[in-house]
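Residue numbers (our numbering), protein chains in the order written: chain L, 1 to 421; chain V, 1 to 421.
Hints listed in this document are in silico derivations from the structure and should not be mistaken for laboratory results.
Just so it is clear, the structure is predicted and the values come from calculations on it, not from any experiment.
It is possible that part of the hints are untrue.
Since copy identity is lost for identical chains, a pair holds within one copy or between any two.
Unchecked claim - Straight-line Cα separation of at most 35 Å, DSBU-like style, residue types lysine-lysine; simulated pairs: (1) Lys196 <-> Lys100; (2) Lys100 <-> Lys202; (3) Lys50 <-> Lys205; (4) Lys94 <-> Lys231; (5) Lys202 <-> Lys28; (6) Lys400 <-> Lys268; (7) Lys93 <-> Lys254; (8) Lys268 <-> Lys28; (9) Lys157 <-> Lys47; (10) Lys28 <-> Lys309; (11) Lys54 <-> Lys28; (12) Lys229 <-> Lys47; (13) Lys94 <-> Lys400; (14) Lys94 <-> Lys50; (15) Lys400 <-> Lys231.
2 protein chains.
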Amino acid sequence: MKIELISVGSELVCGHIRDLNAPLVAAKLTELGVDVVNHTITGDDSKDLKFSLKAGSERADLIIITGGLGPTQDDITRETVADFCNLKLVSDKKSIDHVKSLVGNIHVQKYVNCLKQTEIPEGSTVIHNATGTAQGFLVNFSQTNIICLPGVPSEMKQMLEDWVIPYIVRESEETKRRHTRVVNTFGMSESLLDEKIQRIIKPDKSLSYSTLVNNGIVSIRTTLSNTDKIKADSILDNIEEEICRELGEFVFSKREEALEETVSDIFKENSLTLAVAESCTGGLVSDLLTNVQGSSSFLLGGIVSYSNKIKENLLNVSEELINEVGVISAEVAKAMASGVRERIQADIGLAVTGIAGPSGVEDGADKGKPVGLVYVATAINDDLEFKEYRFFGSRVDIKKRAANAALNTLRLSLSGKTAKQ
Amino acid sequence: MKIELISVGSELVCGHIRDLNAPLVAAKLTELGVDVVNHTITGDDSKDLKFSLKAGSERADLIIITGGLGPTQDDITRETVADFCNLKLVSDKKSIDHVKSLVGNIHVQKYVNCLKQTEIPEGSTVIHNATGTAQGFLVNFSQTNIICLPGVPSEMKQMLEDWVIPYIVRESEETKRRHTRVVNTFGMSESLLDEKIQRIIKPDKSLSYSTLVNNGIVSIRTTLSNTDKIKADSILDNIEEEICRELGEFVFSKREEALEETVSDIFKENSLTLAVAESCTGGLVSDLLTNVQGSSSFLLGGIVSYSNKIKENLLNVSEELINEVGVISAEVAKAMASGVRERIQADIGLAVTGIAGPSGVEDGADKGKPVGLVYVATAINDDLEFKEYRFFGSRVDIKKRAANAALNTLRLSLSGKTAKQ
Chain L
1 MKIELISVGS ELVCGHIRDL NAPLVAAKLT ELGVDVVNHT ITGDDSKDLK FSLKAGSERA
61 DLIIITGGLG PTQDDITRET VADFCNLKLV SDKKSIDHVK SLVGNIHVQK YVNCLKQTEI
121 PEGSTVIHNA TGTAQGFLVN FSQTNIICLP GVPSEMKQML EDWVIPYIVR ESEETKRRHT
181 RVVNTFGMSE SLLDEKIQRI IKPDKSLSYS TLVNNGIVSI RTTLSNTDKI KADSILDNIE
241 EEICRELGEF VFSKREEALE ETVSDIFKEN SLTLAVAESC TGGLVSDLLT NVQGSSSFLL
301 GGIVSYSNKI KENLLNVSEE LINEVGVISA EVAKAMASGV RERIQADIGL AVTGIAGPSG
361 VEDGADKGKP VGLVYVATAI NDDLEFKEYR FFGSRVDIKK RAANAALNTL RLSLSGKTAK
421 Q
Chain V
1 MKIELISVGS ELVCGHIRDL NAPLVAAKLT ELGVDVVNHT ITGDDSKDLK FSLKAGSERA
61 DLIIITGGLG PTQDDITRET VADFCNLKLV SDKKSIDHVK SLVGNIHVQK YVNCLKQTEI
121 PEGSTVIHNA TGTAQGFLVN FSQTNIICLP GVPSEMKQML EDWVIPYIVR ESEETKRRHT
181 RVVNTFGMSE SLLDEKIQRI IKPDKSLSYS TLVNNGIVSI RTTLSNTDKI KADSILDNIE
241 EEICRELGEF VFSKREEALE ETVSDIFKEN SLTLAVAESC TGGLVSDLLT NVQGSSSFLL
301 GGIVSYSNKI KENLLNVSEE LINEVGVISA EVAKAMASGV RERIQADIGL AVTGIAGPSG
361 VEDGADKGKP VGLVYVATAI NDDLEFKEYR FFGSRVDIKK RAANAALNTL RLSLSGKTAK
421 Q
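Chain L on its own, in the form it takes in the complex (with noise of 0.2 Å):
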């Protein structure tokens, strides 16, 4: 079964405010295992419904729709689909109770205004809206079927997953023999891991995978289609483990996690403590900690060491040092290390020190040193290493490579030595 989304909303076709209604429908039938294969925005304007309605029926067997089911005159997705299916419209007497229940007797108007969104095209199937008045409906078009929900998020999710979801999973075979597995890495470029995945895997008819960029971060999606669960699971079984040989320490999750996420997870499994030292990151490292649920746990805090005087006075880097090799080198993101996780009387010290832009990014930002050079250091007891990397982009862009680098090294530091223990 190939589905094909379309958003109504001259609000959204003209950007001002984002569809959140075709990601979410899309990620919940990925999920069930159907094919979504476009999804198209388009503005309150029947021509241009009109012409996505025959684009995607001459390729989808069915089209979802999201929005224009409004009382108001620049919704027209129900005459439009009528329309377009060459169907009158009419009033379906259950939804008239409905509406009638929800507004009736609180405002006589609301409830005329109302009254429209009980039309369907004659001969469709109500998709009843228990929180709202705009009623959905589902209408056949040659070879294709055409469902309409509200675009008020709540209603529409509701309305997909009562009457949807249930809807495809009945109509179709594959839902039930689709299965997905995602592993996350980090340090290795998309194009060498790419090569190294084309051995790997040898996409057929039912097997396919797909890599994404994410500050960094590479995730490979294999994705088994046409399979019960018991085979799929041996042949996915395997495809990882190959990948996990091939790629070795770069991979950090097999389920999805972002790094955050599985640092958390070694410090608290191994019930250390972490104190952070960011220069050109900001404090990112510790946000991006903080969003994790339990982080309380083992982040004891952070120092924002911005100034020279910062690093001297609260992270104890010498004034020497600095003037000797400069703030952007491996020896002060080691002193920074060590400061730290002093300071904090953390078991673990993280540091990150660089040049996330041009100008002043921190102050004393050596001279002749290029934008995106970027130290991390780790203090662990009283083991010192640190690793220099060297990004690119905006400002914005090397700030959170840099994050993600500086988890990285500390999850690379920290494997070594639990391990070890």
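Dock chain V against the given chain L, drawing on the hints supplied.
Same frame as chain L, but now just chain V:
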């Protein structure tokens, strides 16, 4: 000029990640005054992309494609567009030099993989990507021009601003006749604000407005079409003035800035320095401030005091006070603001303490105090002020709103103080 947007990526079409590019492009172009008629999201599939290109070329003057210009085998935009237009792909010499300068000297293998990204359809115009390896291009097909940009949002945005927008302005007449103003506010609910705006702006065929909410910030966007600049400026100046009079200190920017930019400007203009102590926001306030170029001139540093020990040792908050009133309190917020100001020797101290989510957001989180309760305090000289907030939403939502509330509280405290001087 009618414009159609196509976003390419299987991860978008199946809802795993949300398309950030099309809404951003749509908003920018609508502001310019051109008509965005449709967005399409399609997977990494040549057949689907060609289908969308065909549909788009039937009704749009310009198609802008984002995504699918990466170096791996599932990046199919380059080949598909060339194929659709019946053109060969050829290497662009300048792009090769650029890619070489970005990655060539570090990773030879990566460089070789990236060479694919320097290919463009024969006869097309290169759109230079200064920060990344994926070069864009403009190619002509029958009555329609097609622009291809990379999917990485920061790279796409830069190329949009540097190349695409100037191109569209050159090519289209109507862009010079639409005018927009944006006023950003914080602290008033969207519905209340909308009521007030309705009294000021009476929308008609050429005048319209919209409001948009984002982590507590409500933006009011007023658009005037079919008018020359002089007349438009006079009308929009009046409207802007009335909005600012009506909303008073709720307005923080008339230039579409973020709160951290407004705050940075105040600090720079008044040559003041800042130190930040964060508990529930976990470093996010510092992170936002360091996203602003030149923030090192006023942000000396910050302390993320997740544990009570750090509040005591580094911020000088007394154990007795914490035991007496709890860490989530106005008193502790004020003590933190004063403590961080002294410790970091800054002119001004800013502090946030609160509960972002269930289960140990910070250790010692007061029992019985509700999730979403946040206190912000400022220390300006010996003058301590605080504000209490209640937010709802997810852990990350609460953190983001609390960080914006902290920046806004700082702005208000400062505007009072700096105005007095």
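Here's how the hints hold up against the structure:
| no. | hint | result |
| --- | --- | --- |
| 1 | Lys196 <-> Lys100 | between (56 Å within a copy, 23 Å between copies) |
| 2 | Lys100 <-> Lys202 | between (56 Å within a copy, 31 Å between copies) |
| 3 | Lys50 <-> Lys205 | both (33 Å within a copy, 20 Å between copies) |
| 4 | Lys94 <-> Lys231 | neither (45 Å within a copy, 50 Å between copies) |
| 5 | Lys202 <-> Lys28 | within (24 Å within a copy, 41 Å between copies) |
| 6 | Lys400 <-> Lys268 | both (24 Å within a copy, 25 Å between copies) |
| 7 | Lys93 <-> Lys254 | neither (43 Å within a copy, 41 Å between copies) |
| 8 | Lys268 <-> Lys28 | within (29 Å within a copy, 45 Å between copies) |
| 9 | Lys157 <-> Lys47 | both (27 Å within a copy, 31 Å between copies) |
| 10 | Lys28 <-> Lys309 | neither (48 Å within a copy, 42 Å between copies) |
| 11 | Lys54 <-> Lys28 | both (25 Å within a copy, 29 Å between copies) |
| 12 | Lys229 <-> Lys47 | between (44 Å within a copy, 30 Å between copies) |
| 13 | Lys94 <-> Lys400 | between (42 Å within a copy, 29 Å between copies) |
| 14 | Lys94 <-> Lys50 | within (28 Å within a copy, 44 Å between copies) |
| 15 | Lys400 <-> Lys231 | neither (39 Å within a copy, 44 Å between copies) |
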